[in-house]
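Asker: Each chain, written out:
Protein chains: 2
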Amino acid sequence: MSRQLLRLFVACALCLQAVLFAAAAPAAAQRPRRVDLVVSGGTVVTMDAHRRVIEDGAVAVEGGRIVAVGTRGEIAGRFAARAVIDARGAAVIPGLINGHTHVPMSLFRGLADDLDLNEWLTKYIFPAEAKNVTEEFVRAGTQLGLAEMIRGGTTTYCDMYYFEDAIAEETERAGVRGLLGETVIDFPVPDNKTWPDAMRYTERFVARWKGNKLITAAIAPHAPYTVSEAHLREVRAFSDRTGAPVVTHVAETRKEVADITRDHGASPVEYLARIGFLSPRDVFAHTVHLTENEINLLKQNGVGSVHNPQSNMKLASGVAPVPQLLRAGVAVGLGTDGAASNNDLDMWEEMDTAAKLHKLSSGDPKVITAEEALALATIGGARALHMDADIGSLEEGKRADIVVVGLDALHQTPRYNIYSHLVYATKASDVRTVVIEGRVVMRERRLLTLDEALIKQKARAIRERVSRSLAGK
Amino acid sequence: MSRQLLRLFVACALCLQAVLFAAAAPAAAQRPRRVDLVVSGGTVVTMDAHRRVIEDGAVAVEGGRIVAVGTRGEIAGRFAARAVIDARGAAVIPGLINGHTHVPMSLFRGLADDLDLNEWLTKYIFPAEAKNVTEEFVRAGTQLGLAEMIRGGTTTYCDMYYFEDAIAEETERAGVRGLLGETVIDFPVPDNKTWPDAMRYTERFVARWKGNKLITAAIAPHAPYTVSEAHLREVRAFSDRTGAPVVTHVAETRKEVADITRDHGASPVEYLARIGFLSPRDVFAHTVHLTENEINLLKQNGVGSVHNPQSNMKLASGVAPVPQLLRAGVAVGLGTDGAASNNDLDMWEEMDTAAKLHKLSSGDPKVITAEEALALATIGGARALHMDADIGSLEEGKRADIVVVGLDALHQTPRYNIYSHLVYATKASDVRTVVIEGRVVMRERRLLTLDEALIKQKARAIRERVSRSLAGK
Numbered sequence: 010m011s012r013q014l015l016r017l018f019v020a021c022a023l024c025l026q027a028v029l030f031a032a033a034a035p036a037a038a039q040r041p042r043r044v045d046l047v048v049s050g051g052t053v054v055t056m057d058a059h060r061r062v063i064e065d066g067a068v069a070v071e072g073g074r075i076v077a078v079g080t081r082g083e084i085a086g087r088f089a090a091r092a093v094i095d096a097r098g099a100a101v102i103p104g105l106i107n108g109h110t111h112v113p114m115s116l117f118r119g120l121a122d123d124l125d126l127n128e129w130l131t132k133y134i135f136p137a138e139a140k141n142v143t144e145e146f147v148r149a150g151t152q153l154g155l156a157e158m159i160r161g162g163t164t165t166y167c168d169m170y171y172f173e174d175a176i177a178e179e180t181e182r183a184g185v186r187g188l189l190g191e192t193v194i195d196f197p198v199p200d201n202k203t204w205p206d207a208m209r210y211t212e213r214f215v216a217r218w219k220g221n222k223l224i225t226a227a228i229a230p231h232a233p234y235t236v237s238e239a240h241l242r243e244v245r246a247f248s249d250r251t252g253a254p255v256v257t258h259v260a261e262t263r264k265e266v267a268d269i270t271r272d273h274g275a276s277p278v279e280y281l282a283r284i285g286f287l288s289p290r291d292v293f294a295h296t297v298h299l300t301e302n303e304i305n306l307l308k309q310n311g312v313g314s315v316h317n318p319q320s321n322m323k324l325a326s327g328v329a330p331v332p333q334l335l336r337a338g339v340a341v342g343l344g345t346d347g348a349a350s351n352n353d354l355d356m357w358e359e360m361d362t363a364a365k366l367h368k369l370s371s372g373d374p375k376v377i378t379a380e381e382a383l384a385l386a387t388i389g390g391a392r393a394l395h396m397d398a399d400i401g402s403l404e405e406g407k408r409a410d411i412v413v414v415g416l417d418a419l420h421q422t423p424r425y426n427i428y429s430h431l432v433y434a435t436k437a438s439d440v441r442t443v444v445i446e447g448r449v450v451m452r453e454r455r456l457l458t459l460d461e462a463l464i465k466q467k468a469r470a471i472r473e474r475v476s477r478s479l480a481g482k
Numbered sequence: 010m011s012r013q014l015l016r017l018f019v020a021c022a023l024c025l026q027a028v029l030f031a032a033a034a035p036a037a038a039q040r041p042r043r044v045d046l047v048v049s050g051g052t053v054v055t056m057d058a059h060r061r062v063i064e065d066g067a068v069a070v071e072g073g074r075i076v077a078v079g080t081r082g083e084i085a086g087r088f089a090a091r092a093v094i095d096a097r098g099a100a101v102i103p104g105l106i107n108g109h110t111h112v113p114m115s116l117f118r119g120l121a122d123d124l125d126l127n128e129w130l131t132k133y134i135f136p137a138e139a140k141n142v143t144e145e146f147v148r149a150g151t152q153l154g155l156a157e158m159i160r161g162g163t164t165t166y167c168d169m170y171y172f173e174d175a176i177a178e179e180t181e182r183a184g185v186r187g188l189l190g191e192t193v194i195d196f197p198v199p200d201n202k203t204w205p206d207a208m209r210y211t212e213r214f215v216a217r218w219k220g221n222k223l224i225t226a227a228i229a230p231h232a233p234y235t236v237s238e239a240h241l242r243e244v245r246a247f248s249d250r251t252g253a254p255v256v257t258h259v260a261e262t263r264k265e266v267a268d269i270t271r272d273h274g275a276s277p278v279e280y281l282a283r284i285g286f287l288s289p290r291d292v293f294a295h296t297v298h299l300t301e302n303e304i305n306l307l308k309q310n311g312v313g314s315v316h317n318p319q320s321n322m323k324l325a326s327g328v329a330p331v332p333q334l335l336r337a338g339v340a341v342g343l344g345t346d347g348a349a350s351n352n353d354l355d356m357w358e359e360m361d362t363a364a365k366l367h368k369l370s371s372g373d374p375k376v377i378t379a380e381e382a383l384a385l386a387t388i389g390g391a392r393a394l395h396m397d398a399d400i401g402s403l404e405e406g407k408r409a410d411i412v413v414v415g416l417d418a419l420h421q422t423p424r425y426n427i428y429s430h431l432v433y434a435t436k437a438s439d440v441r442t443v444v445i446e447g448r449v450v451m452r453e454r455r456l457l458t459l460d461e462a463l464i465k466q467k468a469r470a471i472r473e474r475v476s477r478s479l480a481g482k
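Line by line, the protein sequences are chains P and V.
Under my numbering, the letters of the first sequence match residues 10 to 482, in that order.
Under my numbering, the letters of the second sequence match residues 10 to 482, in that order.
Honestly, the hints are just simulated from the structure, not real lab data.
The reader is advised that the hints may include incorrect statements.
Label-pair ranges, simulated between beta-carbon atoms [said to hold, decoys possible]: (1) P:Gly311 to V:Ala58: 55 to 61 Å; (2) V:Arg182 to P:Arg452: 49 to 55 Å; (3) V:Arg91 to P:Arg454: 55 to 61 Å; (4) P:Arg469 to V:Asp249: 30 to 36 Å; (5) P:Ala246 to V:Ala337: 56 to 62 Å; (6) P:Pro136 to V:Arg61: 40 to 46 Å; (7) V:Gly82 to P:Asp272: 55 to 61 Å; (8) P:Thr80 to V:Glu145: 57 to 63 Å.
Where is the CB? At the ideal position from N, CA and C, for every residue including glycine.
Here chain P stands alone, though its shape is the one from the complex (with noise of 0.2 Å):
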């Protein structure tokens, strides 16, 4: 069944049970409806449409989405709950969607900073790269990113790196929810030295997670001057046919700019255009630097965007046009980029800096809110990441993607306003408790999918190897 299909079905299935529910009113204030889990009471933070706010309010879980929001008393009332997630005094909040990784290079974490992209790439990463990554650093990086993200409320995630298809079993395995782009280019990479070899990678793995609740498979092409405008073509029309998303990097630098001019004749957003890469399952990382015209050309054709602050700003990339792509009514998500170039996955200092820069950069501080820099970080990024009708809030009939953070630490008190309190006030390691898709995969901070103690010693083992490869060559 296909995805629109699929959605079909449970919008109708929502809607019948909503008239069935209706109908037996009566009958049903006495016998409550079973359902997996409840995360009752706390401050729930819809981000949806209405922006809801519920004080002591509760979610209630079924079959791995959310059948109802309301208040605690309301949701006790409807609903007789398998479990229970006690979440009075902290807030519920959807799932943070962290739109641009490449995770397995958490193992890469540090390993060269304070450097110009162009020297941090050729001289280190990109050797490091061609002399340790294999897949089973990959599926350790994996581990490593996703227990980082899990414990930082992270529940979504959108990825670029090779051995994709071990990624995506991995994230699967750790119940994360990951749009996994396999990373093609115009050179010889870890994974396939080819061109066609890629090619037939992603087609092999994009068939693979079809209809996968958790994983959604897609292609990336690493950017428009490390792809051939033909290869890019054949991106296009592979994502045409098997309805994989596209995720790429655009406009990240000056040079990039000013290259692509060179070679094309116009500006990378304007150039994808012309070559009919652009399209609504697009999801563009970086996105720094765009004229007025490439703005409207990526609302035009439905393409997300994706902004990573602190990556820009550590690479002195620039500051990208967050409030204007925001006015013009394009998808923005937020992202944290690779750990090796921020260097952590850390969601909360990312919707921090980004309405701290925008402030900056606009010179107007009333821009970027915190309640704008909340929504960056989940409905916005469901929205880039083209998952809205799915994640990116709380509410009936989407999956449930649940973050409970703790509302009390010394460093969040007092607090006076939730939106201000969870953007400029808390941390990761307030997150407490984090649901995917309907399942526990941390409780009271303790992972449930992943082991830790041998994710770090496994990591140490390779960070050995690395840093050995690097001082051999």
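Given chain P, work out where chain V should sit, using these hints.
Answerer: This is chain V only, laid out in the frame that chain P set:
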């Protein structure tokens, strides 16, 4: 005894001790010297002039001062410790120095955000202060801020607020080091209704704390645009007579520069130079908008500068010319500003942001390296506060302000470079144990000098009052 004499005495005593130790070396090998405390094992990041990093190092402490820094083996051979802090696997760093705070304002954390400085101050902060700030409020807010700072590894802070004498009492009781400035300003404020009252208060305040090991009492004229020229001259004379440091806000916003230029025919630092205000006891917070001449004036006059990147971003004030200040030889520290504007007292985020912001702002990703960012928060801050003879690095003879930082959280795995690791990956929540003046104030994340539950309870009660006071206006 004056500070200078005291320092001389301590230096002589240490020389003498070294001579005696050398003479008695063979005997000493058998009879190790008794000391109060050894912090043993771990990566000791000294931040001394040679930027020594000692793997498996140790720090010996006696009478509140560091008596030796070396390898674990060396220190174990020379000293017998009454108490040992096991820092194996952790980093041992100089206590962080938060160079600019308004500590009781932690009670206004998140009261009002996403506003311009003027609206924020006049519509929210000033009314909230007028209606709520009493000595009781200041004590509760200070305790809250101190607890947050200790938990994040801050051992010294430079403050400006009202009832600063009460802040000093709370700070001493908590065992934290403070350069504490009583705010004087040309309008009635919560503690003093007239300028003469404020000056009398400050006179008593400075006299009272003279010679205190932890507290340095200072005078803090709010800013050159809120204190008249005559009063600024009076502050200068007061500082010259008493030796009290002078803490103030300078060149924070474009509006300030325009106003000062309009009223005095010179930019802020030039104006202050002209009226003889600049001295090597001055600490200027913000210094965002400076000409090259003003940077030279700061250097020539030995004025310290404190950079507040997150506050300057959030209020859209601008980017301080930190690389230029450092190149000119100005002592630059790092601060959070008050938690009402930032919204926390987290020096780890401030270091991370400082490094990233200046890369972006200058377009050069090599500017403000991780090592330099850590320096801003330690030895740089000590210099900016004119306290570098006593604090800012782990060196024999300096006061024993030592922080043990865990290095093995998931978000810190793996580790390649200690500076990158501390600045780009480590969080406040990784701080484990904090020693100030040789006294353990937090052990394995448990506060020993403050009652966290009581602090939170008081903060919540005050929050209710603050909200009511603003609602009722």
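Asker: Could you run down the list of hints and mark each one as holding or not?
Answerer: Hint check results:
Taken as a hint, the range 55 to 61 Å holds for the pair Gly311 (chain P) and Ala58 (chain V), whose Cβ atoms sit roughly 58 Å apart. In this structure the supplied range 49 to 55 Å is violated for Arg182 (chain V) paired with Arg452 (chain P), their Cβ-Cβ distance being about 38 Å. Checked against the hint of 55 to 61 Å, the C-beta distance between Arg91 (chain V) and Arg454 (chain P) comes to roughly 35 Å, which is inconsistent with it. Remark: the range hint 30 to 36 Å for Arg469 (chain P) to Asp249 (chain V) is contradicted by a beta-carbon distance near 57 Å.
Remark: the range hint 56 to 62 Å for Ala246 (chain P) to Ala337 (chain V) is upheld by a beta-carbon distance near 58 Å. Distance hint check for Pro136 (chain P) and Arg61 (chain V): the Cβ-Cβ separation is about 30 Å, which falls outside the suggested range of 40 to 46 Å. Between Gly82 (chain V) and Asp272 (chain P), the C-beta spacing of about 60 Å keeps the proposed range 55 to 61 Å intact. Checked against the given bound of 57 to 63 Å, the beta carbons of Thr80 (chain P) and Glu145 (chain V), roughly 36 Å apart, lie outside it.
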